[in-house]
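Take the sequence shown: its position 267, counting from 1, is numbered 267 in the UniProt record's numbering, and each next residue is one higher.
These aren't lab readings, by the way, just hints derived from the structure by calculation. Certain hints may be false.
Cross-link-like lysine-lysine pairs, in silico, DSSO-like; alpha carbons within 27 Å at most [claimed, not checked]:
| hint | residue 1 | residue 2 |
| --- | --- | --- |
| 1 | Lys84 | Lys141 |
| 2 | Lys478 | Lys562 |
| 3 | Lys464 | Lys478 |
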Amino acid sequence: MKKFYIRKNKGIPLKKKLIFSFLVMLLIPSILIGAFSFLYANKQMEKDFINNASTNLNMLDTSITNLMSAKVYDISALAETLTKETIEKDSAIIQNTIEQYSQVHPEVSSIYIGTNDGKLFQKSTEELDDHMDPRLRDWYKAAVNKPGEAVIMDPYLSPVSQKMVITIGKTIADNAGVMAVTMNLDYLAELSGEITFGQEGYVILLDQKKRFIVHPDEKQGDIVKDAFYETLYERQAGTLDYSANKVNRKMVYQTNKLTGWKLAGTMEKSEIVNNSRGLLYTIAGILTGSLIIGGIMMMLIVSSIIKPIKKLKEQAIAVSKGDLTTSINIATKDEIGDVAAAFHTMQHNLQQLIKNIEHSSENVAASAGQLTASANEVTIASEHVTNTIQQVASGAEIQTKGLDNNVDNIKSVLEGTNQIVAFSKKVSDLSTGTITKAHAGGSSIQATLEQMQVISETVAESNKMIKELVEQSKHIGKITESITTISEQTNLLALNAAIEAARAGEKGKGFAVVANEVRKLAEQSGEFANNISQLINSVEKTTENTVHRMAEVSLAVQAGLKVTDESNTRFQEIVHSMKEMTPHIQHVTDTSNEMAITLNEVSISAGELAQIAYDNATSSEEVVSLTEEQLAAMEEISGSAKNLSEMAKELRKNLHQFTY
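Turn these sequences into a full structure, and let the hints guide you.
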């Protein structure tokens, strides 16, 4: 049988385990959702910054392209109308045209027309040398190298205004000269300043020679020094994470196809995080509210689980102490309710089981009492039979001695008869003595006949008592079968109780021990009953053998009675013959011969009768031995019945610890 042990040390309470589990289920998803939401928001903010920066840079790129394209168109249109001849003939008109164009386009700081013979026509807001040779200027050389094409020069720092300017030039119609305009890039700086990237972001413009055109903190015309700017020239467009002045920044850049300039927008990464912080606060507020609501629901759920379990625990403790009268009231329609219903059913079945065991123990005690009484009765009867058989044995022994004496006497008579034959002359003298001896022999035979009759009656009575002993043994066997049946039922009830206790788990340990003791008592009762049954079977077999032997003894006694009766008749004849002996002395010899023959037969019969008496005495001794064995068996049965009664009392005592 499996044993259950209850741990004495206490672990973490179920309530704390449930609260911890619910908190884990609430916190982990909430933290993960918040973290992923915040990270996603950051990514989205960064993506929005990139998209916004790309849009702004595209606008700036379009503005630069439009600005440069317009100037290229203007230069191309004006240059196509000019030739060396028109310049020389209409110099005043050309000068006037230059001035009008300058007034219409304030962003243009200077307009040049230089000829291949060194003449220069110009209009400039800057103080320039009117006598300079245009052929020595970079813009002239670049345009001459590409006749018919508008050439956009790299931005450069004006030596007069110290501002970044750009010159666009193109050869005139007959390639006899070059027309060029110099444009101030302040317009681009203002336009770039109007483009915002967050709170602290700004636009950066770089030319193809890695010089600053627009930068809030760098001087125009300075060459870049930071290594991260090199990345801008490795690709046409992209994004860049870098650190400047110990501030982490994000840059979006692209290339203007017309000029080859690098346009970049940059802002601090902290602004992206700061923009996400509001969302973080919102998520934190939502998660906090969810945790509060979830915590309230968690406590309600934990309470709904723990309260019924506590009730079940209290009920189980009461049952473990033997109190089966209390009831439990849990109306929940869930697994705990099912456990409570099963516990109630178990308690009810336990009550019924204990009642049945108590009833069975009472029946066992009653049966044990009946068995004890029957065993006592059988013991008394066995003692009576033993005494009777001992008396029979004593009588048989006396009978055997008497028969032995008769045999000796008959032998003596036979010898005397032989002497009578030899000494017929002395018959007359001895006839009186012979008659006397014949009377004595008749008396002995009569006594033997009476003793054999007593033996016959004693044997018949012994046979009757042995048959009664057989019936009582059968009755004891039936009682033993009842005890065996009761012990089997008790063992079955104990097994059922052990199963119910096993189902009860650790709470049914106490009752499992009681059920185990009941089972052991039932097994011991069954073993005692089996031993009793075996003893009864042995007694029955022995008794049946005794009955058969007693029947044989009875037949032998009847035969002895018959022989003794015949002997008595013969002795009567002898007496009669002896009385007639005197008047018929002449027939003494013949009569003596007949007497010798008769005495020989009597001697044989007496020997047989002595042997029968000896066998009867031996059988009586065997019956006495068997009866003593049966008496010892009855005493053992009586002791077993007393032990069974004590066991039943002990079982009832153990059951009294339960209240039901």
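| field | Restraint status (C-alpha distance of Lys464 to Lys478 at most 27 Å) | value | Holds, at about 21 Å.
| Holds or violated: Lys478 with Lys562, Cα cutoff 27 Å? | 43 Å, violated
| Hey, Lys84 versus Lys141, does the alpha-carbon distance stay inside 27 Å? | 17 Å, holds
In this structure, the one hint that does not hold is number 2.
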